[in-house]
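**Student:** Turn these sequences into a full structure, and let the hints guide you.
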Amino acid sequence: MIYHAIKPLMIILFLGCLFDMPYGYYQLVRFVAMIGFIALAVKEKKRGENSLFVFWIASSILVNPIFKIALGRVLWNIVDIGWVIILSISIWIEYRKEKEGKS
3 MIYHAIKPLM IILFLGCLFD MPYGYYQLVR FVAMIGFIAL AVKEKKRGEN
53 SLFVFWIASS ILVNPIFKIA LGRVLWNIVD IGWVIILSIS IWIEYRKEKE
103 GKS
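Per the numbering used here, the sequence shown runs over residues 3 to 105.
No lab work stands behind these hints: they were computed from the structure. Any given hint could turn out to be false.
As the list claims (entries may be wrong) - Computed cross-link-like contacts, DSS-like style, restricted to lysine-lysine with a CA-CA straight-line distance of at most 25 Å:
1. K47 to K101
2. K101 to K70
3. K9 to K70
4. K99 to K47
5. K9 to K101
6. K9 to K99
7. K101 to K48
8. K45 to K101
9. K99 to K45
10. K48 to K99
**Tutor:** This is the structure:
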């Protein structure tokens, strides 16, 4: 059940990064996103989805708040938009699978 809340929360946080926010907001996003991506990776590993598992782990490494990777504002915005798109698509795919399973 908690997995259904992770993706929308991360989408909202990443969209917030597109605006001029205080530095503390970006720190919060890094921390929450790292935990969220790790949780999604664990979920995908249990389902046997190795490609998504690797993607979520790579994403968690990219946003980790301990060993920061400096990409610059423009590149981070591009990455944020990419994550929003991928997370949105994955929500839509999961919704379709659940809907087909109930029919």
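**Student:** Each hint should be assessed against the structure and marked as holding or not.
**Tutor:** Each hint tested on the structure:
For the hint pairing K47 with K101, the CA-to-CA distance comes to about 23 Å; that is within 25 Å, so the pair holds. In summary, the hint linking K101 to K70 is not supported, as the alpha carbons are separated by about 40 Å, beyond the 25 Å threshold. Under the criterion of a C-alpha separation no larger than 25 Å, the hint pairing K9 with K70 is consistent with the structure, at around 22 Å. The suggested pairing of K99 with K47 holds, with an alpha-carbon distance near 18 Å, which does not exceed 25 Å.
For the hint linking K9 to K101, the alpha-carbon distance of about 18 Å falls within 25 Å, and the restraint holds. Simply put, K9 and K99 have alpha-carbon atoms about 16 Å apart, close enough for the 25 Å limit, and the pair holds. A threshold of 25 Å between alpha carbons decides the hint, and for K101 with K48 the separation of about 21 Å falls inside it, so the pair holds. For the hint linking K45 to K101, the alpha-carbon distance of about 20 Å falls within 25 Å, and the restraint holds.
With a C-alpha separation of about 16 Å, the suggested pairing of K99 with K45 holds against the 25 Å cut-off. Taking the CA atoms of K48 and K99, the gap is about 17 Å. The hint holds against a cut of 25 Å.
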